[in-house]
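Starting from the known structure of chain A, fit chain B with the ligands onto it as the hints suggest.
For the record, the sequence lines run as chains A and B. Okay, so the first sequence: first residue is 1 according to the working numbering, each after it adds one. Okay, so the second sequence: first residue is 134 according to the working numbering, each after it adds one.
Keep in mind the hints are simulated off the structure, nothing from the lab. If a hint is listed, it holds; no wrong ones were tucked in.
Beyond 10 Å from chain B on every Cβ pair, some chain A residues (computed):
#1 Pro-4
#2 Val-6
#3 Thr-8
#4 Tyr-53
#5 Thr-60
#6 Arg-69
#7 Ser-87
#8 Thr-96
#9 Lys-132
#10 Arg-133
Derived DSS-like pairs: lysine-lysine, alpha-carbon spacing no greater than 30 Å straight-line:
#11 B/Lys-243 to B/Lys-178
#12 A/Lys-98 to B/Lys-165
#13 B/Lys-178 to B/Lys-250
#14 A/Lys-98 to A/Lys-125
#15 B/Lys-165 to A/Lys-108
#16 A/Lys-132 to A/Lys-5
No residue lacks a Cβ here, since even glycine has one placed at the ideal position from N, Cα and C.
Now for the letters of each chain:
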Amino acid sequence: MAVPKVITIQSDLDIVAARMAARDMAKSMGFGAIDQARIATAISELARNIYLYAGEGTVTVSEVQQGVRKGIEVICEDQGPGIEDISLVMQDGYTTSKGMGMGLPGAKRLMDDFEVISIMNEGTKITCRKWKR
Amino acid sequence: MDIINIPILKIENFLIASIQVALHDLQAVQFKDAVLQRIYESKAKGVIIDLTATDVLDSFVGRLISDIAAMARLMGTTVVITGLQPAVAITLVELGLELPGIETALNLEKGIAKLRKITESNADGSA
Ligand SMILES: Nc1ncnc2c1ncn2[C@@H]1O[C@H](COP(=O)(O)OP(=O)(O)OP(=O)(O)O)[C@@H](O)[C@H]1O
Ligand SMILES: [Mg+2]
Chain A
1 MAVPKVITIQ SDLDIVAARM AARDMAKSMG FGAIDQARIA TAISELARNI
51 YLYAGEGTVT VSEVQQGVRK GIEVICEDQG PGIEDISLVM QDGYTTSKGM
101 GMGLPGAKRL MDDFEVISIM NEGTKITCRK WKR
Chain B
134 MDIINIPILK IENFLIASIQ VALHDLQAVQ FKDAVLQRIY ESKAKGVIID
184 LTATDVLDSF VGRLISDIAA MARLMGTTVV ITGLQPAVAI TLVELGLELP
234 GIETALNLEK GIAKLRKITE SNADGSA
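Pulled out of the complex, with its shape left as it was, chain A reads as follows (with noise of 0.2 Å):
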């Protein structure tokens, strides 16, 4: 199994350096072109709401086992702000800032498993997997 990669959010950068990461990591698991790319795409939107909203944070990318299906898991996580109404920040076109509000629900898609955690003034924790068919 590949070694979990950390990457820490704290510049616009550092997002393009997530996405690469995912994406090696989903290329060298044998995860199609397709998956290789929704899977960047949406560690891309988590990295930026990260920098964006919490100012800094962390994306650890590691491979997961669950019997005999192999995934690729993402952690995205910060010490911000928090959020206060998930399903709210979960809907399509809500947004906080001038974006589309398309991150978290677009990610969501593109990923198979989506969790959020979040605590108000503590930080926001999301755990995204996708399974390999």
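Quick look at chain B with the ligands alone, frame taken from chain A:
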């Protein structure tokens, strides 16, 4: 630092910009500004943004491309996106970004043909 290096070529009345590297956000914004500036200076009738080498297009860059197309339109210039990889197109739609109103073509050659057609019919219409 961080100044983008994406050559913008002029062929006939058209500009061609081919994105060959993974742009980070600041570079993507610089690219938008550079393209708009070149449209203004060159009075180009059409612009091709070639994405053959782009393997990830997220909402940030997707929106910038929409913005370039909308702003170019206001300046009387048509933008055509070429070379979108199937994986990128699928991902964009799943993400919820369909780039409405943006002209696309399979490759550079077809993009130029499309621009010729559009700009010729625009010229006919206003004559
Ligand atoms: N890590 C985070 N910490 C705090 N708030 C967040 C975080 N991520 C997202 N949010 C909140 O959720 C909202 C929706 O996020 P989402 O990524 O879906 O859209 P957006 O970032 O506003 O726009 P887009 O991603 O389309 O450019 C954000 O506007 C922000 O208020
Ligand atoms: Mg976002």
